[in-house]
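**Student:** What follows is the residue order along each chain.
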Amino acid sequence: MKYGLQFRDIFAAWDSILDGVLVTLTLSVWTMLGGLAVGVTCAAAKVYGAGWLKRVVTIYVEVIRNTPLLVQLFLIFFGLPSFGIRLDGMTAALIALVINLGAYTTEIVRAGFEAVPKAQMEAGHSLGLSGLQVFRYIVVFPALKAMFPALASQFVLLMLATSVVSQISVEDLFHAASIVQSRTFRDFEVYTVIGVLYLALAFAFRGLFAGIYYWAFVRR
Amino acid sequence: MIRTFSYIDVMYLVAAARWTLALTATAFAGSAVLGLVLAIARISPVGPLRWLTAAYIHVVQGTPLLVWLFLIFFGLPLLGVSVNPWLAAALAFSIYGSAFLGEIWRGALASIARTQWEAGASLGLSVYEQLRHVIVPQSIRIAIPPTVGFLVQLIKNTSLAATIGLVELTREGQLTAAGTYRPFAVYITVAIIYFAMCFPLTQWSRSLERKLDVAR
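Sequences listed follow chains C and U, in order. Using my numbering, you'd call the opening residue of the first sequence number 1 and step up by one each time. Using my numbering, you'd call the opening residue of the second sequence number 1001 and step up by one each time.
Keep in mind the hints are simulated off the structure, nothing from the lab. Fair warning: there could be bad hints in the mix.
Just some of the chain U residues that point at chain C, by a computed CB distance under 10 Å [stated by the list, open to error]:
(1) 1076
(2) 1173
(3) 1182
Partial list, computed: chain U residues near chain C (C-beta under 10 Å) [to be verified]:
(4) 1071
(5) 1073
(6) 1078
(7) 1158
(8) 1163
(9) 1170
(10) 1174
(11) 1195
(12) 1199
Yeah, the Cβ is synthetic: ideal placement off N, Cα and C, and Gly gets one too.
Please construct the entire structure, taking both the sequences and the accompanying hints into account.
**Tutor:** Next up, the structure:
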């Protein structure tokens, strides 16, 4: 059987695809912000917190990093209603993604702060700087610089991983693919186009992060 | 028919985990073969080979695994190639895994000092012999901890095979949740089984990292 590739029908459904791109972008950006907030909080708790707090954070990080995102998503979306907590798809997706990304971010942020040599902080203290001043003038900048590349690649991986939210029928870019597929039955073309769009998004985010890195750390 | 979530269901879930492990093993084998080729091509002196493999890695690392799964499982049959879920999953995971494993191994190979190659060459070894006897034995030590870490990623990623109907741990969980109507208990059990598979590997990877680091 000969099969002619035909993209016309796919591009005709550009409105569904564009809606999907916007949902994926929205979900990604909010998750990055939320995950960063969770990560910074947990990293601070792990470094400066009391013993029990450190253990709680460690358990959180290990549990999340050693189970699949898809199962975490199912647990929140399908599991929580057993306790009367009924979330719509978008909220459940956002919660699951933030919890997931937060665990990875915690480790990256912690490693970034630990990358600053202790001797530099001691030098700051011996110059009479307060704890806050040492943090502000000595620790923050090199730590951010050290953690930035790892954070950026984790964020791009996260953006790609948001595609699993289509499995709880959030209408993201991957979900748009199945809508167009059911209209056109051109699976190969649909998933090729969607793949290229994800690739473009990944490049856009990488470019954005490289730009931020240059602007913040290289230029001065 | 709704039944209760009981001991026997837990045993079924544990039994389904063997398909997760089988898929992981298949995917790892495929990723390793492809990844090795990629890693060597990435450090080869032939320019076009380097650019081509770099492009492959960028494309694969810039697209979601789900797209590969669906492209192969739903897309290939339209082109006249019939694939079952197993073949599709094995293929998709091998493509996806090779890009990551290829980069890990390229990094390990590239971390060996240039002078080691030169020392091999000055002993009269061919390029293959330099790689085989000088470079690879040293870079394996560096490559092992991240490779074990990658295995954890792979186990977790195999859960996506559930979306094309392959009955592994997550899919079995979906079926059990639908049958018992106890999604929370079922997915917690599924998560615990994944954790039991992944956590020992994570710890092992960490201890290897520490051990091999101290020995340097």
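**Student:** Using the nearest Cβ pair, does residue 1071 of chain U come within less than 10 Å of chain C?
**Tutor:** 4 Å, holds
**Student:** Please check whether residue 1163 of chain U passes as an interface residue: C-beta within 10 Å of a C-beta belonging to chain C.
**Tutor:** This hint holds: residue 1163 of chain U lies near chain C, its Cβ roughly 6 Å from the closest one there, short of 10 Å.
**Student:** Measuring from the C-beta of residue 1078 of chain U to each C-beta in chain C, is the shortest one below 10 Å?
**Tutor:** 5 Å, holds
**Student:** Would the stated hint for residue 1182 of chain U survive a check requiring a Cβ distance to chain C of less than 10 Å?
**Tutor:** 7 Å, holds
**Student:** Under 10 Å, Cβ to Cβ, is where residue 1158 of chain U needs to be relative to chain C, so tell me if that hint holds or is violated.
**Tutor:** Residue 1158 of chain U check passes; min Cβ-Cβ to chain C is 8 Å, inside 10 Å.
**Student:** Restraint: residue 1076 of chain U near chain C, CB-CB cut 10 Å. Satisfied or not?
**Tutor:** Interface hint status for residue 1076 of chain U: holds (7 Å vs cutoff 10 Å).
**Student:** Min Cβ distance, residue 1170 of chain U to chain C: is it shorter than 10 Å?
**Tutor:** 6 Å, holds
**Student:** Taking the least C-beta to C-beta distance, is residue 1199 of chain U closer than 10 Å to chain C?
**Tutor:** 5 Å, holds
**Student:** For the restraint on residue 1173 of chain U, tell me whether the closest CB of chain C is nearer than 10 Å.
**Tutor:** Holds, because the Cβ-Cβ distance from residue 1173 of chain U to chain C comes to roughly 7 Å (cut-off 10 Å).
**Student:** Is the shortest C-beta separation between residue 1174 of chain U and chain C less than 10 Å?
**Tutor:** Constraint on residue 1174 of chain U satisfied, holds at 8 Å.
**Student:** Taking 10 Å as the limit, does the beta-carbon of residue 1195 of chain U come near enough to a beta-carbon in chain C?
**Tutor:** 5 Å, holds
**Student:** Is the interface hint satisfied for residue 1073 of chain U? The criterion is a beta-carbon contact with chain C at less than 10 Å.
**Tutor:** Given a least distance of 9 Å, the restraint on residue 1073 of chain U holds.
In this structure, every one of the numbered hints holds.
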